[in-house]
Amino acid sequence: QVRLVESGGGLVQPGESLRLSCDVSGTLGRIISMGWFRQGPGGQRELVASIPENMNPIYARSVKGRFTISRDNSLNTLYLQMNSLKPEDTAVYYCTINFVSGRSWGQGTQVVVSP
1 QVRLVESGGG LVQPGESLRL SCDVSGTLGR IISMGWFRQG PGGQRELVAS IPENMNPIYA
61 RSVKGRFTIS RDNSLNTLYL QMNSLKPEDT AVYYCTINFV SGRSWGQGTQ VVVSP
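Under the working numbering, the first residue of the sequence shown carries the number 1, and numbering increases by one thereafter.
A couple of the hints might just be wrong.
[To be verified] Below, a list of computed lysine to aspartate or glutamate pairs in the EDC-like style, where the Cα atoms sit at most 20 Å apart:
#: 1; residue 1: Lys64; residue 2: Glu16
#: 2; residue 1: Lys64; residue 2: Glu88
#: 3; residue 1: Lys64; residue 2: Glu46
[To be verified] Ranges of calculated distance between the beta carbons of each label pair, as one might list FRET restraints:
#: 4; residue 1: Ile32; residue 2: Gly8; range: 22 to 28 Å
#: 5; residue 1: Gly15; residue 2: Asn98; range: 28 to 34 Å
#: 6; residue 1: Leu11; residue 2: Ile31; range: 28 to 34 Å
#: 7; residue 1: Glu16; residue 2: Ser101; range: 37 to 43 Å
#: 8; residue 1: Ser101; residue 2: Arg66; range: 30 to 36 Å
#: 9; residue 1: Gly26; residue 2: Ser114; range: 34 to 40 Å
#: 10; residue 1: Gly15; residue 2: Ser74; range: 30 to 36 Å
#: 11; residue 1: Leu75; residue 2: Gln1; range: 15 to 21 Å
#: 12; residue 1: Ser17; residue 2: Glu46; range: 18 to 24 Å
#: 13; residue 1: Gly102; residue 2: Gln39; range: 16 to 22 Å
#: 14; residue 1: Thr68; residue 2: Thr27; range: 24 to 30 Å
By construction, these hints were calculated from the structure, which means they are not laboratory data. Where is the CB? At the ideal position from N, CA and C, for every residue including glycine.
Construct all of the structure, not just a fragment, from the sequences and the given hints.
This is how it looks when you write it as structure tokens:
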């Protein structure tokens, strides 16, 4: 069973930065991709960034150039560096791994961007 635990969310002002972390533990199957989704107030869950296995990262248009996804395989950790945050980035951010056998999700971490 895989466990994903996000951390690093919080309240920041527009223009500031945050780094989200996702600690991965358990037995990992064959991975298709790892990534971050988010769900804003009253909105649907949407892709923020993803790292397909053995491919370059992909980003939502709204975050490209501001967010960077990375992974540390030795620590089994996935990161999301978020710079130049905007109020519209306010959301619960979820870490996810898409395995051949199915998708796993973390519990989410809240990010609020407000003056």
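Outcome of the hint check:
A hinted pair counts as satisfied when its Cα atoms are at most 20 Å apart, and Lys64 with Glu16 qualifies at roughly 16 Å. For the given pair, Lys64 sits about 14 Å from Glu88 by alpha-carbon distance, which is consistent with the 20 Å threshold. With a CA separation close to 14 Å, the supplied pair Lys64 and Glu46 stays within the 20 Å bound. Range check, Ile32 to Gly8: about 24 Å between beta-carbon atoms, so the 22 to 28 Å window is met.
Evaluation of the 28 to 34 Å hint for Gly15 and Asn98 yields a pass: the beta carbon distance comes to about 32 Å. Between Leu11 and Ile31 the beta carbon distance is about 32 Å. The supplied range of 28 to 34 Å therefore holds. Glu16 and Ser101 have their C-beta atoms about 38 Å apart, which keeps the hinted 37 to 43 Å range intact. Checked against the hint of 30 to 36 Å, the C-beta distance between Ser101 and Arg66 comes to roughly 33 Å, which is consistent with it.
The hint said 34 to 40 Å for the Cβ distance between Gly26 and Ser114, and at roughly 35 Å that hint holds. Checking the proposed 30 to 36 Å range against Gly15 and Ser74 shows it holds: the Cβ atoms sit about 32 Å from each other. The hinted range of 15 to 21 Å is satisfied by Leu75 and Gln1, whose Cβ atoms lie roughly 19 Å apart. For the hinted restraint 18 to 24 Å between Ser17 and Glu46, the CB-CB distance of approximately 21 Å keeps it satisfied.
Distance hint check for Gly102 and Gln39: the Cβ-Cβ separation is about 20 Å, which falls inside the suggested range of 16 to 22 Å. At roughly 28 Å, the beta carbons of Thr68 and Thr27 sit within the given window of 24 to 30 Å.
Of the numbered hints listed earlier, not one is contradicted by the structure.
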